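First to last, the sequence lines map onto chains A and B.
Going left to right, the first sequence walks through residues 1032 to 1320 as the working numbering numbers them.
Going left to right, the second sequence walks through residues 463 to 763 as the working numbering numbers them.
Please note that the accuracy of each hint is not assured.
Here's a subset of chain B near chain A, in silico, CB distances under 8 Å, partners left out [unchecked claim]: (1) Leu-481; (2) Asn-482; (3) Tyr-495; (4) Leu-503; (5) Val-572; (6) Pro-583; (7) Trp-593; (8) Tyr-657; (9) Tyr-702; (10) Thr-720; (11) Leu-722; (12) Asp-726; (13) Ser-727; (14) Leu-728; (15) Ala-737; (16) Val-740.
If you want a taste of the chain A side facing chain B, the calculated C-beta under 10 Å gives, among others [said to hold, decoys possible]: (17) Thr-1044; (18) Arg-1078; (19) Ile-1080; (20) Gly-1123; (21) Ser-1157; (22) Pro-1161; (23) Leu-1232; (24) Pro-1298.
It is worth saying that the hints were derived from the structure and are not from the lab.
Note that the coordinates shown come from a computational prediction; the quantities given were computed from them, not determined experimentally.
Don't be surprised by glycine CBs; every beta carbon is placed ideally from N, CA and C.
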Amino acid sequence: MKGGKRRRTVWLTLAGIVVAAYFLAPFSWLVLTSFMHESDAMAFPPRWIPARPTLDNYAIFAAPGGTRSIVGSRAAENTVPSILNSLVAATGTAGLNLALGILAGYSFARLRFPGRRTLLFLYLGSRMVPGIALIVPLYLVIKTLGLLDNLLALVMTYLTFTLPFTIWLLKSYFQGIPRELEEAALVDGCGRGRMMIRVLLPAAAPGLVAAAMFAFMTAWNDYLFAVILTSSMAAKTVPVVVAGFATDVTTERTLMAAGGVLAVVPPLVLAFLFQRLIIQGLVSGAVKG
Amino acid sequence: MSARASGRKLSEPSLAFLLNAPALLAIILLVGYPIVYSAWLSLHHYNLKRPRLFRFVGLENYVGILGSEEFWTALQVTLLFTALGVAIVVVLATLIALLLNEPFPTRGLVRTLVLIPWAIPPVVNGLMWQWIYDAKVGALNGLLVSLGLLAGYRGWLSDPTSALLALVTAHVWNALPLAVILLLAALQTIPAELYDAGRVDGSGGWRLFRHVTLPWLAQPLLVVLILQTMLAVRVFDLIYVLTAGGPGTATTTLVWQTYLTTFDSLDFGLGNAYAYTVSLITLGLALVYFYLLYGRGEFEV
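Okay, chain A solo, but in the shape it has when bound (with noise of 0.2 Å):
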């Protein structure tokens, strides 16, 4: 029996390090590039391991317009501004999905009003609407409002993207606290405002990290409408500018590998820090429906 345990951990650990493997691959493919000059990036047959390791492709990021000219694009340029108005729009996202996915979540978790389930179907069906079809309408609302190559533009779109899944997990993760808690509060005389802030909202913390985390990774990874409704570094996010030297075949190999990676760092370190709270979101939110 004990020999058969033994043997069942190996198998499993062998299991997961395949996995492991599956995810980390591609990935620090990547990141080996971005520490490869130029040349041996290039080279055939490829190499896996920089022989000569170097921070250069870094370094223009930090100060571009140095020596080494890259023709045709202003990747060095533009991907740390890029990568701040990406915070400042993915942030802005979570945090406004928040706020008003915690008002409505908490209607549908324990209000009664006629039109319920009508109003959370709407809520869902928003989301069967592919992207593409928004993009002219949205557009010319956006332009209407004045806000064309604005984050707030950004902010407003990807919020009501992601709000249709947080009620959603937020209504589940509500309904699974129990109610004795906020009734006690109510007893005790707190309004209603007081009770979510001082009960609800820290039993809900989990799910709370989750919802938030999907809001900033929707918003951090979008292209379609970033492109579309940007024009300038005032509000282009990483996906665009990346996207601009992904297709642009002047740019050098490694420049665009540090600029990836130096785009997928911060959501990759959120992700990394929360991977407990967001599994434990969702284990009471959106899995049980």
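Place chain B on chain A using the hints.
Using the frame of chain A, we list chain B on its own:
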């Protein structure tokens, strides 16, 4: 007016309406209105190259689409891509989630690494796989040749069949983590007593999976199916960077065809009709899934 006062004064329906107002307003303005407007545009002849010829044509655009070869080719590509992508993601995600739910020494680390693709924007993902598939200095060629699995270097993105498979592979890698964490979360809600009861009955691993785990996963799997189908049908960024719909029309999905019609040919009328057709197909798929969820009587809202 303090929150406390409003909580007391308002009836539940009015409070509910008040709580939903901000979310509803945002969605009506930025999703509701565009949906209606693009439906209206799709009934018009409207090409930006000749903007003066704007006129109502009824369903002409739709008739044109249904009669065109491009539509049926793109529909085929979309369905093939979606079916392959969703099937692979669901099967792999289930296996990986089952693995990550078992105790083993490096589990925490693997659970963290699984999240990597989730944090990678599709545009960066496309860039990355573009080099992996590169015909001259790509990692895939290098790996397969050095392992002796391939005689010579191949242009993975220049052959129609391998280009579609390459696109599916890149998409699956990017889309897997979401499915894995949803299923892993679902697995963690299975009460231990269910397994204990199964073990008392003398059931082994496979029977436990078949009679305890799988029924419990039915609903989360449907949720994953819905999310993944939506994700696969609307893939755009990846195609933009990786294949641009080619070679030929091998990876031209309906969304890519919509993009070409709208922004390449600047035919907004036809483009919106395309967009609407994609929406209707997505909606159809969603209805089938919702019917499955409801039909099982397990979906409580």
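Violations among the numbered hints, reported as their numbers in ascending order: Those not satisfied are hints 8, 11, 12, 13, 14, 19, 20, 23.
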